[in-house]
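Same order as they appear, the protein sequences are chains Y and B. According to full-length UniProt numbering, the first sequence holds residues 1 to 687 in order. According to full-length UniProt numbering, the second sequence holds residues 1 to 727 in order.
These are calculated hints, taken from the structure and not from any lab test. Nothing here was measured: the structure is a model prediction, and the numbers come from that model. Note that CB positions come from ideal geometry on N, CA and C, so glycine has one too. Please note: incorrect hints may appear among the correct ones.
With the Cβ distance kept under 7 Å, some of the chain B side facing chain Y (calculated, not the full set) [to be verified]:
| # | residue |
| --- | --- |
| 1 | 230 |
| 2 | 231 |
| 3 | 232 |
| 4 | 234 |
| 5 | 439 |
| 6 | 502 |
| 7 | 718 |
| 8 | 719 |
| 9 | 725 |
| 10 | 727 |
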Amino acid sequence: MGEFQVHRVRFFAYMPAGIRCLAHSPRSARLALARTDGALEVYNFAANYFQEKGIPGHETRTTEALCWATGDRLFGAGLGGDVSEYDLEKLRVKYSLDGFGGPIWSMAADPSGTQLAVGCEDGSVKLFQVLPDKIQFERSLDRQKGRIMSLSWHPSGTRIAVGSIDLLRVFDVKSGHAIQRILVDRHPQGLYRRECVVWSVAFLSDGTIVSSDSVGKVQFWDSEKGTLLETHPVSSSAVLCLAVSEEEDSIVVGTSEGAVYQFQLLPVKWGSAESKWVRTKPFQHHTHDVRAVAHSATALISGGLDAQLVIRPLMERVHGKGYDAVLRKFTFPHRRLVSCAKKARLLLFQFPQHLELWRLGATDSAGKDGDILPVSRAPEHLLQLKSKGPEHICCSCISLCGSWIAYATTSRLHLHRVHLENGSVRVKRVSKVPKLLCSAHQLLCSADSTSLFVASDQGAVHVLKLLEPGRCGHLQTLRPNSGSAQAVYLLTASVDGDWLAAASGDWEINVYSLRHFKPHCTVPVYNCAVTALAIHPVTNNLVIAHSDQQVFEFSITDREYTTWSRKVQQHGLHKGWLERDTPITHITFNPKQPAHILLHDTYMFCILDKSLPLPDDATQLMNQTTLKQLSEKARRGCAHAFKICKKYQPLLFVDLLEEGSLVVVERPLMDIKTQLPPPVQQKKFGT
Amino acid sequence: MAVLREEFTLCGLIAGAGAGAGQGLLGLEPGPDPDRVLLTDRGRTATLYKVSDQKPLGSWSVKQDQTITCPAVCNFETGEYIAVHDDKVLRIWKDEDVNLDKVFKATLTAEVYRIHSLPHTEPLVLFKGGAVQTLDALLAAPQQEIENVISDEVIRWSEAFMETQQPVLIFTTEKNGNYFVYVQKVNPNILHKYKLEQEESSHPLSFAAYTKNNILTLLCLYSNGYVYKILMSLQHSVPEEEQILSKSLLLKTVVSDTALKGASLAILDKDHVAVLGSLDSPPNIAKECLSIWNTKFQTLQTSKELPQGTSGQLWCYGERFFLTHGKVLTVIVYKCETSSLAAAVGKLKDTQTSGMRTVSSYVNWNMLQEDDLGSPHAQQSVTAKTESKRTLRLRRNNVAKVQRDTLTVEQLLSDIKDSSQNDVEEELWQFLSNAEMSDFQATVGYIITGLVNRCKTEPTFYPRNCLVQLIQTQGLSYSLCPDLMAVALEKTDVHLLQLCLQQFPDIPEAVTCACLKAFLSIDDDNLQGTNVNLDSVISYIDITLNDQVKKQSATVQNGFSSELMEEDSCDTQLTPKPHVVDTEELCPVGPQKAALLNAILYSAYSETFLLPHLKDLSAQQVILFLRYLQYLYIKCSEKVTMDFPGMLSPTIYQIMDWMCLLLDAHFTVVVMLPEAKGLLFSLHKFVRAQARFYSELNKIEGSLQELQRTKPQKDVGLYSIEMLELV
């Protein structure tokens, strides 16, 4: 069937940045996530938690707070002291406004979404008015001593609870005066006078304030009388974050020990009206600080410095057995960070602020399945390209021959000409790159390395001409007929150079004819996010993978789904395939076996053989080990279209080189963990 | 597809018994349950065997100058055994009887050919003169005249069936090369006589018959290897003139013109027959073999060579063949499945034989254990899995006594207070037979408390059978009847104590210790006759051997040569030669005592509570027990699995725990006693040797573990090139 020489690459030292804050918008079913490097990601819960948008980080931007206002407008504020709004269509910061109050630690939108309250280092709470295109400073509440670490609006919008060092305050929004001052008990044990940071507060509609603090307590206060209602010692270290469900019957808190606890408001007795907050479920999915938690209707969401986003479903709230009903952990981005120059056997790794170019090793021996071959030539680190400026790299690509490297930050596109001559590497920056008015979200070199495709805003794709010896010029801009507002985030071109397909943020896929530089057709819009695209080198069929794990094949010339694709839809995909955890992030083909499609997600790669029958739910999906034990003849009866290999995990990239060799890029979780700072010391029994 | 499975030896055949092994056995008849057979040799002895255990359960012999002439059978209705010796003397006995001289005897006026016993009906007695009588009619008047039906014909074979609730007996006779078939219906008494078609070159060797829908099918194996089928209707009620039966060829078991000798035929099911015989083809030496044939498709299904020769006799009961092979009686398990064309030509996939089912049922004790788990004492075989002894017996009782009206608990309890022991026993049987009440356990508890209370007040009252039966209902525990074991201890009823120890989960340590003390103080000779369950010792003590060696050592002590004694006592023994056994390996206690001690070892206890009571043992008892434990420990360590096969046998951990406990409790005593010195020394030596061995093993484990740890680290590199094949 297929024997491959697998180049198993583990030298991509990718480190995901820690998660700093989360904001869940129940209305749009989206989760916004800010990382410690300032990057922003938006996950779409309706599309199987697909990471549909990403805004690259910035050296000076550290986001401390995120909030959604009026449904789908996303605001962030950070230690830079700016409040900014994110443009989720163009995937960039729309504008920033200085708060003039020093570093901002907290921000919250009022229940109606018309006002933002910002808690600053200088002890002031500032209110901003949310206008259609901008925000405007409205006024400050009475300034108090001590930085404002956390704040929360009362659901009526008339009060704000504020957490500071050692105390809580309640402000009346109308008058701007502090009407309540509550001292938080600051020595948890013994004589140590430690200051007590109120890391997070929540104002419930019955006037109760919930606070979590650095001494490890979750406390419930009466905001009218200023008295303590309940204390729950949760941890010996800090409780960093808390979030309340919309119904206010459940609270999730995260501690710096990596544990997440759920509190539930439960009746004291069965049927009694009196209820009490009870600590119910502990979860320990993180190894490091849980810096942010969110509470969706069906799940507890937590993110920590170990860069993992964990979505833990609450089984009593999940109905039926769907994608929501399973614990999800996200460590790796749903984007491709690796590009491969197949002909030159080079790999380009994208880091936030630099690129690395590696040459694959080689072997001169052969073997059979499972053998590890001796490496005759070790892999070689050829080049490190540092990006200048504070902006992080958002996309990069290398041409198939390995002679062009392009990368883009939010504001600039960089292009380099690489000369590889008998072992020495020369890089020449292409100086006159045409100034594009908008940012690049995805880059792609054509198969013959003569043009560069730049995915841009509003569905546009710019075609740049790559000229020897290291020049380039703007050739064309392709725009969809529909006039989409969303940025293009996936690109693929056919090998013969005739076709280009582009998927934009509204999940529309446009196919352009490169011969005429005009739109050819549009693939019928499917109601789930596109995660990968590729055009078959022989048949010019477009293969599309969606985040609900569906795979389609679209004939570009006939402008319709192929019969195989229809057959797949009729037959339905295997249950095991649909229940996979992560989206397909890359599709490639084997030119010698036109019926094969190679796909991969984080935990497996798969050769989809279109000539074989599709499995039904009764058959085993992962049948490679079984098949290998069978005789040649018996295999034919048992084989089905999905040939799945789970040997390499977690996968960041798989591609097929020439002569039947595969390159797989793994990033073992263990390697990431060892790079993390040591977690909070925890005494374990017996150690 | 019919297949022959494992084969095992049921028993050896003693050449000295009767007319010699060459002639085979007088008969082999089914016993009271499917796992038991009744073997009668050509001499003086009838023996009851438990087939799955390969174990004799009972053996009965007639006096020196008498010979059993008719195979012993079991009367399925009463559970008694019937045999005839010296042609005319009828004996009827039960399991408990020991001496055949003292059992029921009836002298008849005519010579008996055979007795046929059928379920649900009276046994039929076939006289050599051809007359047939039911046993009860015969016993009513033993001296009645028996008429001669056949004139100077000799009966060659006979068989009895139940057809439409009526017993039918068929027998064949021979006179000057002519064969006649008689079919006798008993009630009403009708006799048909048929003549078998004459065959020039060959003569019938063996017959077999079955009935179905009032048609009697007689299969006849001729000496030329042909099997003929003869159909007879049983419907005629009036005796007719003698008919000549026509036969049709069913099967050719030999190809060429070879002759079959000493052959035997058995019907397995409607499509399969088994043929045992020796082919006497001139160039070769006679080869004996057992073969299963499919009569529907006339194919040979399977066959097995028997190189050591047979007596030409073949019996087949409950999916087992019994045949004499050389000097032993061999049991071959077979499996016959419905025949289809695919099976006949061997194309059917045999799902069962392809699995691991080839493990024989008699070796695999674990399997046996599982099957019998429901009732550890049931004398059931593996084949009759579903029925425990109790239900089986209950059912039998149901059949026998269904007419009686049912008893209530209250009635029974009041009866227990004042009735005689036999009455109580009778009533309890009846009560239990109808017992399907919901609160069975509580009821049994009441009954046993009543019984025990009466036992306590009335020393002569001891309904042993009742108590055993009640315990075997498995509904009891110590707390339900705390006095039961005290009473049993008082009466030194070791069998009951063994049952209690095995069945009760909650025996206090004091009582366990009292039992232990009692067991250790009973003399082995006193235990000889008791029916202690020996299942737990059978795996490591050769019971017969042990007896023998004991005798041997006894005679040596008395200064006699053992040679002569041995020859005398040899005649009931099944092992042909006395083994030379190292006395080191000898069990310090008899098998019965060993079984009792095993029950103690097996029972649950808590160390803290047991230790003070253990101190009550006397020094002698401690030494004896310690010696037994050491013996067990050494025996156990000999096995690779470190465990004795079989149920209720102590595990090595139990043995070690008890050894430690015993040493803890009596440390000072054991250290002081001079006779314990040798024991302790050898024990220490053994333990030290083992400890050393295990420490070596530990080292190996350490290095192996290290190897395993280093292996996966090999591929943790930043880069490797591997081969991968996707099929």
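For each hint, the structure was consulted:
| no. | hint | verdict |
| --- | --- | --- |
| 1 | 230 | violated (51 Å) |
| 2 | 231 | violated (49 Å) |
| 3 | 232 | violated (54 Å) |
| 4 | 234 | violated (54 Å) |
| 5 | 439 | violated (34 Å) |
| 6 | 502 | violated (41 Å) |
| 7 | 718 | holds (4 Å) |
| 8 | 719 | holds (5 Å) |
| 9 | 725 | holds (4 Å) |
| 10 | 727 | holds (5 Å) |
In the structure shown, a violation is registered for the earlier hints numbered 1, 2, 3, 4, 5, 6, in ascending order.
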